[in-house]
Amino acid sequence: MARPQVELNVKRIALSQETLREGMDVVIVSANSQQQADYWLDRLQHTRGQIAKESALICTVYENWEGGAGNGLGTLYAYQRARHQLLETHGVDLESLLIEGRSIGLYHTAGKGTRLAPLPGSEYNNKAAVKLPGYVRVRGTPVPITILESVIRQTSAYAASRPGRLSVFWGDQIFVPSESFDYTPRHHVDILASIREVPNAENWEKQKLHKYGLIAVGEDGEASQVEKVSYEEAMLFQHSGALSFANGCGISLGCFSLSAPVLRALVMEFFPELRQRKVLMNTDEHFWMPMTLDWDTFLSVMQERSKDQETLRAHYERMQEFKLRLLHDHPGMGLLGAVDIGKDALWWDYGQIPLYIENNRKLLGSDDESRYMRYFFGVPPRSTWDGAVDADGSVGLNCRIGSGRIRNSVLVGVHAEHIQVEDAVIIDTVAPSIEANRSLIYNATDNERIYARPNTVRADVFIDPPRRHLKMYTDMNRDASSSWSQRISGNPMTFEELYDLNTHVDMERANLFAVRAKGRALHQDPGST
Numbered sequence: 012m013a014r015p016q017v018e019l020n021v022k023r024i025a026l027s028q029e030t031l032r033e034g035m036d037v038v039i040v041s042a043n044s045q046q047q048a049d050y051w052l053d054r055l056q057h058t059r060g061q062i063a064k065e066s067a068l069i070c071t072v073y074e075n076w077e078g079g080a081g082n083g084l085g086t087l088y089a090y091q092r093a094r095h096q097l098l099e100t101h102g103v104d105l106e107s108l109l110i111e112g113r114s115i116g117l118y119h120t121a122g123k124g125t126r127l128a129p130l131p132g133s134e135y136n137n138k139a140a141v142k143l144p145g146y147v148r149v150r151g152t153p154v155p156i157t158i159l160e161s162v163i164r165q166t167s168a169y170a171a172s173r174p175g176r177l178s179v180f181w182g183d184q185i186f187v188p189s190e191s192f193d194y195t196p197r198h199h200v201d202i203l204a205s206i207r208e209v210p211n212a213e214n215w216e217k218q219k220l221h222k223y224g225l226i227a228v229g230e231d232g233e234a235s236q237v238e239k240v241s242y243e244e245a246m247l248f249q250h251s252g253a254l255s256f257a258n259g260c261g262i263s264l265g266c267f268s269l270s271a272p273v274l275r276a277l278v279m280e281f282f283p284e285l286r287q288r289k290v291l292m293n294t295d296e297h298f299w300m301p302m303t304l305d306w307d308t309f310l311s312v313m314q315e316r317s318k319d320q321e322t323l324r325a326h327y328e329r330m331q332e333f334k335l336r337l338l339h340d341h342p343g344m345g346l347l348g349a350v351d352i353g354k355d356a357l358w359w360d361y362g363q364i365p366l367y368i369e370n371n372r373k374l375l376g377s378d379d380e381s382r383y384m385r386y387f388f389g390v391p392p393r394s395t396w397d398g399a400v401d402a403d404g405s406v407g408l409n410c411r412i413g414s415g416r417i418r419n420s421v422l423v424g425v426h427a428e429h430i431q432v433e434d435a436v437i438i439d440t441v442a443p444s445i446e447a448n449r450s451l452i453y454n455a456t457d458n459e460r461i462y463a464r465p466n467t468v469r470a471d472v473f474i475d476p477p478r479r480h481l482k483m484y485t486d487m488n489r490d491a492s493s494s495w496s497q498r499i500s501g502n503p504m505t506f507e508e509l510y511d512l513n514t515h516v517d518m519e520r521a522n523l524f525a526v527r528a529k530g531r532a533l534h535q536d537p538g539s540t
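Mapped onto this note's numbering, the consecutive letters of the sequence shown carry residue numbers 12 to 540.
Hints are computed from structural coordinates only; laboratory data are not their basis.
Certain hints may be false.
Claimed, not checked - Simulated DEER-style distance windows between Cβ atoms: (1) 314 to 403: 55 to 61 Å; (2) 381 to 286: 48 to 54 Å; (3) 286 to 332: 37 to 43 Å; (4) 404 to 95: 50 to 56 Å; (5) 290 to 341: 25 to 31 Å; (6) 382 to 243: 37 to 43 Å; (7) 310 to 221: 36 to 42 Å; (8) 487 to 222: 17 to 23 Å; (9) 531 to 286: 49 to 55 Å; (10) 197 to 478: 37 to 43 Å; (11) 232 to 478: 56 to 62 Å; (12) 404 to 341: 52 to 58 Å.
Ideal Cβ positions, reconstructed from N, Cα and C, are used throughout, including at glycine.
Construct the complete structure from the given sequences, taking the supplied hints into account.
Quick look at the structure:
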């Protein structure tokens, strides 16, 4: 199905990178560790002009909050740390930049990536650094683009509509709206959502609305947030007057933007919690819901999560008072609104093994979505292969392959003397010979043949110190998160043990070890695709 606005948006994203005209004035990345923060600072500095715009100020922080802050306090904490850091290092005050009308993008990379295991383990627990089928240049060398870089590239187009606002995004999902990126913010908080007419009970279930945060948009454009409710519950709230669907309902993407006044007010309101770093608060249940719902509706939604009604009531009243003060002091905007990405938006989630494979394989299709994806990642319509390679229906980027047969596969950074693959996704892999059918091979290196049975997932990890080369396996049909603490046959350890091991790894030394291992495995230099 043709999506004219999607095509315009994809081309705008690509053009903005070519001309360096669009993008956030400040890019903040919130990482899981200081090592990851250092990695992203170096990486984004060296891809400036390809990912963030050339003039962007780059800042990376990590969330040193035991047990996690939640995405509510985590956002405020990351902003607060970035503000202090940039004051010290650059003499720049983020609050002043917002008042001047600059745009700031904050990207969360938190999470262990349990559903994507073992790929994040192959990147030293850096889930946002998992590779995708596109390329950027780092210090003059072409390297695969990462999930986070793709997200930053895609969301840069919102910068023009958000002067003086902090935009908050997640580092594991790419979306291309079927509505224009351009809009005029009319609320202190706005949330990206896919807005639609309220479906009937059957379609509510089919669209899985009960599994997402739900945005209800009233006649005046004011929105309310409820978390994961059934059709029956939603209709009950509507009939009671607690929710209005006059302008539709939508699935929240969890991405939002804040005006400078509400950001400053939230930081001041939660200053004690930010200083103590002991409690967890999420935006939906701790910020938006208690500000936009009446008490009975809020209690109904929250009582299954918290039996302490007294604490719930105190927090609800706190947020209601916060709302009244905000709107009294800054009456020019509404409280919470929805920014529609359109019901035909493209949404590429790479947070699970099946979705990672499925979305990478969309590059092989002939429909409009596949064409848009190839444009987004800069993949040419046809891949060229060496004369000794028999390839059909496949994509190859920066590959060196001597001979073989390739069918319906995506290959990125693959070096091999001989290859025999079908229905496979192979990323950044080096071996004399590779044979794979219906499998995923990631970051693998071998001095001998790599053979992957159907449904196999393999990701290699290079540890230093102590110097070790680990080969981690799972299969496409296994729920990686449920196997997190179980040792899968053939693996040297559990995914959880690998995660713990990676927390002590020197990433720079380990990456150098991996590069040298790949060099040893590459016996010849056959021709390039």
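- For residue 382 and residue 243, compare the CB-CB distance with the range 37 to 43 Å and indicate the outcome. About 41 Å separates the Cβ atoms of residue 382 and residue 243, which means 37 to 43 Å holds.
- Holds or violated: 17 to 23 Å for the Cβ distance of residue 487 and residue 222? Holds: the Cβ-Cβ distance is about 22 Å, inside 17 to 23 Å.
- Are residue 531 and residue 286 spaced within 49 to 55 Å by their CB atoms? holds (51 Å)
- Query: Lying within 52 to 58 Å: is that true of the beta-carbon distance residue 404 to residue 341?
  - Reply: holds (56 Å)
- Query: Lying within 56 to 62 Å: is that true of the beta-carbon distance residue 232 to residue 478?
  - Reply: Given a distance of about 59 Å, which is inside 56 to 62 Å, the answer is holds.
- Query: Do the Cβ positions of residue 310 and residue 221 conform to the proposed distance bound of 36 to 42 Å?
  - Reply: With a Cβ separation near 19 Å, residue 310 and residue 221 fall outside 36 to 42 Å, so the hint is violated.
- Item | Hint check for residue 286 and residue 381 - Cβ pair distance inside 48 to 54 Å | Since residue 381 and residue 286 have Cβ atoms about 50 Å apart, the given range 48 to 54 Å holds.
- Pairwise beta carbon distance, residue 404 to residue 95, judged against the given window 50 to 56 Å: This hint holds: roughly 52 Å between Cβ atoms.
- When you take the CB atoms of residue 314 and residue 403, is the distance between them in 55 to 61 Å? Cβ of residue 314 to Cβ of residue 403: about 58 Å, so the range 55 to 61 Å holds.
- Item | Distance restraint hint 37 to 43 Å, applied to the beta-carbon atoms of residue 197 and residue 478 | violated (57 Å)
- Item | Assessment of proposed distance window 37 to 43 Å (beta carbons of residue 286, residue 332) | Violated, since residue 286 and residue 332 (Cβ atoms, about 21 Å apart) do not stay within the stated range.
- Distance restraint evaluation - residue 290, residue 341, Cβ atoms, bounds 25 to 31 Å: Given range 25 to 31 Å: holds, Cβ gap about 27 Å.
Violated hints, in rising order: 3, 7 and 10; the structure is consistent with all others.
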